[in-house]
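Engineer: Sequence:
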Amino acid sequence: RVQNCGGVWRINNQLAVSRSIGDVQLKPYAISEADFRLFPASNFEFAVCCCDGVCDVLRTEEIILIAKTVLKLQVLPQNERERILVKATNFYVELRYDLAQSQLTLIGGSKFVSKSFLEDLNLNMNPAQMVAVILTTIAFTLKSVDNISAVCMLKQEQPNYKVIFETQPEVSEQVQESELEKSMERISALKSQIKFLEEQVKQKDKEITELKLQQVSLQTITQQAMNQQTQLNMEISQRDQQIIQLKKQIDKLRLQIEQQLVAESNNENYILQLKNDLQTRIEANKINTGPIEDIKKQFEEQSKKDIENMEQRKTREVQQIRDYYEKQIQKYQDIIKNQQRQINGIRPNKTDLQKQQPKQLERKQSGDNLIQKAQRLMQPLGQIQIKSKTFDNQ
Numbered sequence: 001r002v003q004n005c006g007g008v009w010r011i012n013n014q015l016a017v018s019r020s021i022g023d024v025q026l027k028p029y030a031i032s033e034a035d036f037r038l039f040p041a042s043n044f045e046f047a048v049c050c051c052d053g054v055c056d057v058l059r060t061e062e063i064i065l066i067a068k069t070v071l072k073l074q075v076l077p078q079n080e081r082e083r084i085l086v087k088a089t090n091f092y093v094e095l096r097y098d099l100a101q102s103q104l105t106l107i108g109g110s111k112f113v114s115k116s117f118l119e120d121l122n123l124n125m126n127p128a129q130m131v132a133v134i135l136t137t138i139a140f141t142l143k144s145v146d147n148i149s150a151v152c153m154l155k156q157e158q159p160n161y162k163v164i165f166e167t168q169p170e171v172s173e174q175v176q177e178s179e180l181e182k183s184m185e186r187i188s189a190l191k192s193q194i195k196f197l198e199e200q201v202k203q204k205d206k207e208i209t210e211l212k213l214q215q216v217s218l219q220t221i222t223q224q225a226m227n228q229q230t231q232l233n234m235e236i237s238q239r240d241q242q243i244i245q246l247k248k249q250i251d252k253l254r255l256q257i258e259q260q261l262v263a264e265s266n267n268e269n270y271i272l273q274l275k276n277d278l279q280t281r282i283e284a285n286k287i288n289t290g291p292i293e294d295i296k297k298q299f300e301e302q303s304k305k306d307i308e309n310m311e312q313r314k315t316r317e318v319q320q321i322r323d324y325y326e327k328q329i330q331k332y333q334d335i336i337k338n339q340q341r342q343i344n345g346i347r348p349n350k351t352d353l354q355k356q357q358p359k360q361l362e363r364k365q366s367g368d369n370l371i372q373k374a375q376r377l378m379q380p381l382g383q384i385q386i387k388s389k390t391f392d393n394q
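Just so we're aligned, residue 1 is where the sequence shown starts under full-length UniProt numbering, counting upward by one.
Any given hint might turn out to be false.
[What the hints assert, rightly or not] In silico DMTMM-like links for lysine to aspartate or glutamate, alpha-carbon gap of 25 Å or less:
| hint | residue 1 | residue 2 |
| --- | --- | --- |
| 1 | Lys195 | Glu181 |
| 2 | Lys143 | Glu94 |
| 3 | Lys191 | Glu177 |
| 4 | Lys331 | Glu317 |
| 5 | Lys87 | Glu61 |
| 6 | Lys87 | Glu62 |
| 7 | Lys248 | Glu235 |
| 8 | Lys297 | Glu311 |
| 9 | Lys331 | Asp368 |
| 10 | Lys212 | Glu198 |
| 11 | Lys296 | Asp306 |
| 12 | Lys195 | Glu210 |
| 13 | Lys155 | Glu45 |
| 14 | Lys72 | Glu45 |
| 15 | Lys191 | Asp205 |
| 16 | Lys87 | Asp98 |
| 17 | Lys195 | Glu185 |
| 18 | Lys304 | Glu317 |
| 19 | Lys252 | Glu264 |
| 20 | Lys275 | Glu293 |
| 21 | Lys87 | Asp120 |
| 22 | Lys68 | Glu80 |
| 23 | Lys72 | Asp98 |
| 24 | Lys72 | Glu61 |
| 25 | Lys143 | Asp98 |
| 26 | Lys143 | Asp56 |
| 27 | Lys337 | Glu326 |
| 28 | Lys111 | Glu80 |
| 29 | Lys68 | Asp52 |
| 30 | Lys297 | Glu283 |
| 31 | Lys155 | Glu61 |
| 32 | Lys143 | Asp120 |
[What the hints assert, rightly or not] What follows is a set of in silico ranges between Cβ atoms, one per label pair, in the way DEER data are often shown:
| hint | residue 1 | residue 2 | range |
| --- | --- | --- | --- |
| 33 | Lys296 | Val262 | 43 to 51 Å |
| 34 | Glu317 | Lys296 | 26 to 34 Å |
| 35 | Asn90 | Asp52 | 21 to 29 Å |
| 36 | Tyr324 | Asp294 | 44 to 52 Å |
| 37 | Asp294 | Arg254 | 53 to 61 Å |
| 38 | Asn90 | Asp56 | 21 to 29 Å |
| 39 | Met234 | Gln259 | 37 to 45 Å |
Derived by calculation from the structure, the hints in this document are not laboratory data.
Glycine residues also receive a C-beta, built at the ideal position from the N, C-alpha and C atoms.
Assemble the whole structure, with the sequences as input and the hints as a guide.
Structural biologist: Next up, the structure:
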């Protein structure tokens with residue numbers, strides 16, 4: 001809110017006095033220049049400038065009363081508080097701190113005040129300094145918590161320089177030199193101010209150029225925004241037309257759906273009628289086919305029993321055939337082993353071996369033929385599988 005009104009917030013915890021009289025350190029924050037007002041005045045004996053800390057605990061009339069008391073001017077206290085302030089001021093002028101503080105405690109002042117925070121009064125001070133120090137001391141004793149500072153200025157008669165210049169030429173030369181120095185200082189100050197103003201003008205020019213560039217960019221942005229707006233309006237109109245067409249299509253679909261629903265309802269009624277007819281027929285058939293079902297069940301049970309008996313008989317026969325052939329194979333194997341042992345036990349000469357060799361070969365071939373025959377007979381027995389219902393029924 002303060003910024004929007006053109007003001008600046010409190011900066012870096014610095015005093016309000018620094019803002020009012022000006023401070024170069026605060027230039028980056030836009031408050032380096034002094035904030036002041038002119039009050040033309042004449043025919044006054046003194047002028048007092050005080051901060052908020054003094055004015056918070058002392059009224060303007062009381063400040064004037066204290067200043068007049070220090071300057072030994074005539075005062076007329078109007079109430080008990082003003083009388084106490086006059087007494088305390090007189091005690092401060094006499095450098096009697098304890099009595100002054102005891103008087104100020106009657107109007108809410110502190111009983112114990114550290115002198116390290118206050119400037120010491122002394123008789124070498126001029127009246128203006130005395131007024132300023134006593135005002136700050138009284139404000140501090142009355143428990144002020146804001147900035148406490150005061151300045152007092154006294155009216156003095158201006159000397160008649162014309163008479164001095166005519167009577168003392170050395171003084172006139174010194175005065176002229178001092179005036180030259182002052183004028184040079186003023187010129188240098190003016191030059192510095194001119195430089196400062198030129199810098200400000202340059203800065204303002206830069207700001208103006210930046211603002212112009214920003215204005216141009218804003219114009220381009222606004223133009224782009226307007227173009228986009230027109231495009232959006234066109235798209236919106238197209239979308240509206242599409243929406244209208246879609247609504248028409250939706251209405252058509254609704255009519256079709258309603259027609260289909262009517263047709264489906266008719267189909268459902270027809271299907272229900274067919275189901276009822278079918279149910280009645282099934283019940284009638286159940287009544288007619290009851291005895292046939294019983295006969296069928298009996299036949300199935302009897303066929304199952306017959307199939308089981310046949311399977312058992314076939315397994316027994318297969319097992320018997322397998323046992324018979326296994327015994328025959330074992331018998332032939334034993335014969336072959338005995339012949340082999342006999343052949344190994346007898347070692348005739350070469351001619352005998354040649355004579356016996358055909359017979360042995362015949363025996364061996366006959367044994368091998370028997371073994372192969374037995375194996376051929378065993379193979380189909382291992383591959384026989386009793387089929388379930390179809391085989392038995394056939």
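Engineer: Hint by hint, say whether it matches the structure.
Structural biologist: Quick rundown of the hints versus the structure:
1. Pair hint Lys195 plus Glu181 holds up; C-alpha atoms about 21 Å apart against a cutoff of 25 Å.
2. Proposed proximity of Lys143 and Glu94 is supported: the alpha carbons are some 23 Å apart, at most 25 Å.
3. Among the hinted pairs, Lys191 with Glu177 is consistent with the structure: their alpha-carbon atoms are about 21 Å apart, no more than 25 Å.
4. A threshold of 25 Å between alpha carbons decides the hint, and for Lys331 with Glu317 the separation of about 21 Å falls inside it, so the pair holds.
5. With a C-alpha separation of about 16 Å, the suggested pair Lys87 and Glu61 falls inside the 25 Å cut-off, and the hint holds.
6. Restraint check: the Cα-Cα separation between Lys87 and Glu62 comes to about 13 Å, which is no more than 25 Å; the hinted pair holds.
7. A C-alpha spacing of about 20 Å is found between Lys248 and Glu235, which places the hinted pair at or below 25 Å, so the restraint holds.
8. Proposed proximity of Lys297 and Glu311 is supported: the alpha carbons are some 21 Å apart, at most 25 Å.
9. For the suggested pair Lys331 and Asp368, the alpha carbons sit about 13 Å apart, so the restraint of at most 25 Å is met.
10. Straight-line distance between C-alpha atoms of Lys212 and Glu198 comes to about 21 Å, which keeps the hinted pair within the 25 Å bound.
11. The hinted pair formed by Lys296 and Asp306 meets the criterion: a straight-line CA distance of about 15 Å does not exceed 25 Å.
12. With a CA separation close to 22 Å, the supplied pair Lys195 and Glu210 stays within the 25 Å bound.
13. For the suggested pair Lys155 and Glu45, the alpha carbons sit about 5 Å apart, so the restraint of at most 25 Å is met.
14. Restraint check for Lys72 and Glu45: the C-alpha separation of about 12 Å stays at or below 25 Å, so the hint holds.
15. A threshold of 25 Å between alpha carbons decides the hint, and for Lys191 with Asp205 the separation of about 21 Å falls inside it, so the pair holds.
16. For the proposed pair Lys87 and Asp98, the alpha carbon gap of about 12 Å is at most 25 Å, so the pair holds.
17. Proposed proximity of Lys195 and Glu185 is supported: the alpha carbons are some 15 Å apart, at most 25 Å.
18. At roughly 20 Å between alpha-carbon atoms, Lys304 and Glu317 fall within 25 Å of each other, so this suggested pair holds.
19. Using a Cα cut-off of 25 Å, the hinted pair Lys252 and Glu264 holds, with the two alpha carbons roughly 18 Å apart.
20. Restraint check: the Cα-Cα separation between Lys275 and Glu293 comes to about 24 Å, which is no more than 25 Å; the hinted pair holds.
21. For the given pair, Lys87 sits about 19 Å from Asp120 by alpha-carbon distance, which is consistent with the 25 Å threshold.
22. Between the alpha carbons of Lys68 and Glu80 the distance comes to roughly 17 Å, so the proposed pair stays at or under 25 Å and holds.
23. The suggested pairing of Lys72 with Asp98 holds, with an alpha-carbon distance near 22 Å, which does not exceed 25 Å.
24. In summary, the hint linking Lys72 to Glu61 is supported, as the alpha carbons are separated by about 16 Å, within the 25 Å threshold.
25. Between the alpha carbons of Lys143 and Asp98 the distance comes to roughly 17 Å, so the proposed pair stays at or under 25 Å and holds.
26. This hinted pair checks out: Lys143 and Asp56 have alpha carbons roughly 10 Å apart, not beyond 25 Å.
27. Using a Cα cut-off of 25 Å, the hinted pair Lys337 and Glu326 holds, with the two alpha carbons roughly 16 Å apart.
28. With a C-alpha separation of about 19 Å, the suggested pair Lys111 and Glu80 falls inside the 25 Å cut-off, and the hint holds.
29. This hinted pair checks out: Lys68 and Asp52 have alpha carbons roughly 21 Å apart, not beyond 25 Å.
30. For the proposed pair Lys297 and Glu283, the alpha carbon gap of about 20 Å is at most 25 Å, so the pair holds.
31. Pair hint Lys155 plus Glu61 holds up; C-alpha atoms about 20 Å apart against a cutoff of 25 Å.
32. A C-alpha spacing of about 19 Å is found between Lys143 and Asp120, which places the hinted pair at or below 25 Å, so the restraint holds.
33. Taking the beta carbon of each, Lys296 and Val262 are about 47 Å apart, inside 43 to 51 Å as hinted.
34. For Glu317 paired with Lys296, a C-beta distance near 31 Å keeps the hint of 26 to 34 Å intact.
35. The given range of 21 to 29 Å is respected by Asn90 and Asp52, whose C-beta atoms sit roughly 26 Å from each other.
36. A beta carbon spacing of about 46 Å between Tyr324 and Asp294 agrees with the range 44 to 52 Å that was offered as a hint.
37. Here the CB-CB span from Asp294 to Arg254 is close to 58 Å, well matched to the stated 53 to 61 Å.
38. With their beta carbons about 24 Å apart, Asn90 and Asp56 fall inside the hinted range of 21 to 29 Å.
39. Judged by the Cβ atoms, the range 37 to 45 Å given for Met234 and Gln259 holds: they are separated by roughly 38 Å.
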